[in-house]
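Novice: Top line first, the protein sequences correspond to chains H and B.
Each number in the working numbering comes from the position in the first sequence (counting from 1) with 20 added on.
Each number in the working numbering comes from the position in the second sequence (counting from 1) with 7 added on.
Please keep in mind that the hints were generated in silico from the structure rather than gathered at the bench.
Even glycine gets a Cβ: it sits at the ideal position worked out from N, Cα and C.
Hints are not guaranteed to be accurate.
Which residues of chain B face chain H? A partial, calculated answer using Cβ under 8 Å [said to hold, decoys possible]:
no. : residue
1   : Val10
2   : Ser34
3   : Leu50
4   : Leu52
5   : Asn108
6   : Gln110
7   : Gly113
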Amino acid sequence: GEDVEQSLFLSVREGDSSVINCTYTDSSSTYLYWYKQEPGAGLQLLTYIFSNMDMKQDQRLTVLLNKKDKHLSLRIADTQTGDSAIYFCAERGDDYKLSFGAGTTVTVRA
Amino acid sequence: SAVISQKPSRDICQRGTSLTIQCQVDSQVTMMFWYRQQPGQSLTLIATANQGSEATYESGFVIDKFPISRPNLTFSTLTVSNMSPEDSSIYLCSVEGLAVNEQFFGPGTRLTVL
Numbered sequence: 021g022e023d024v025e026q027s028l029f030l031s032v033r034e035g036d037s038s039v040i041n042c043t044y045t046d047s048s049s050t051y052l053y054w055y056k057q058e059p060g061a062g063l064q065l066l067t068y069i070f071s072n073m074d075m076k077q078d079q080r081l082t083v084l085l086n087k088k089d090k091h092l093s094l095r096i097a098d099t100q101t102g103d104s105a106i107y108f109c110a111e112r113g114d115d116y117k118l119s120f121g122a123g124t125t126v127t128v129r130a
Numbered sequence: 008s009a010v011i012s013q014k015p016s017r018d019i020c021q022r023g024t025s026l027t028i029q030c031q032v033d034s035q036v037t038m039m040f041w042y043r044q045q046p047g048q049s050l051t052l053i054a055t056a057n058q059g060s061e062a063t064y065e066s067g068f069v070i071d072k073f074p075i076s077r078p079n080l081t082f083s084t085l086t087v088s089n090m091s092p093e094d095s096s097i098y099l100c101s102v103e104g105l106a107v108n109e110q111f112f113g114p115g116t117r118l119t120v121l
């Protein structure tokens with residue numbers, strides 16, 4: 021089965037950039053996703069990248085994909101207190117099902 | 008993006024009882040899924056809800072415990088049967104959006120079993 025791994029915690033100072041890393045094992049992944057979950061809330065789709073791309077930028081978010089190494093990262097520029105949340109990386113295969121990482125808890129400190 | 012609602016948003020139930028969770032989408036979607044998020048954990052796919060036919064369950068999940076209905080393209084239910092405290096989790100439905108690469112999640116149902 022698919023295996024997605026993430027570091028569990030990240031602490032960053034307000035205004036700095038955050039980089040969250042993820043590795044996956046399924047070489048047939050078609051899309052890779054980043055979701056955000058705030059306390060007590062559901063999952064918010066932040067961005068996704070097609071497996072044939074290596075970079076996608078959307079305002080403060082930059083996704084980098086190294087398909088050879090099966091490594092995905094999410095960079096948040098100018099991190100704000102509202103960015104404190106759990107960030108999940110997920111991969112999707114041909115069957116539309118998502119496999120999630122354990123989630124990275126990002127804490128933004130003043 | 009699709010707007011997804013779930014009912015109830017939370018519930019506290021006694022062991023041995025059953026709870027049915029509803030998922031409503033504001034537009035017709037082809038794919039609907041049910042996930043479980045145990046406390047402090049990631050999401051695990053329970054099943055794919057198929058319109059007009061039996062759901063497709065993932066390894067470790069069975070129909071007797073988690074019966075699913077999907078009568079049309081905008082609605083699905085998940086029942087958690089004969090509950091035990093180990094079923095305490097957040098249950099989320101998700102849908103494949105109009106742009107087929109995007110999957111959106113409902114707000115979740117937080118279930119506590121005593």
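Novice: Each hint should be assessed against the structure and marked as holding or not.
Specialist: Hints, verified against the model:
1. Val10: Violated, about 12 Å.
2. Ser34: Constraint on serine 34/B not satisfied, violated at 16 Å.
3. Leu50: holds (5 Å)
4. Leu52: holds (6 Å)
5. Asn108: holds (5 Å)
6. Gln110: holds (6 Å)
7. Gly113: Where the cut-off is 8 Å and the nearest Cβ of chain H is about 6 Å from glycine 113/B, the hint holds.
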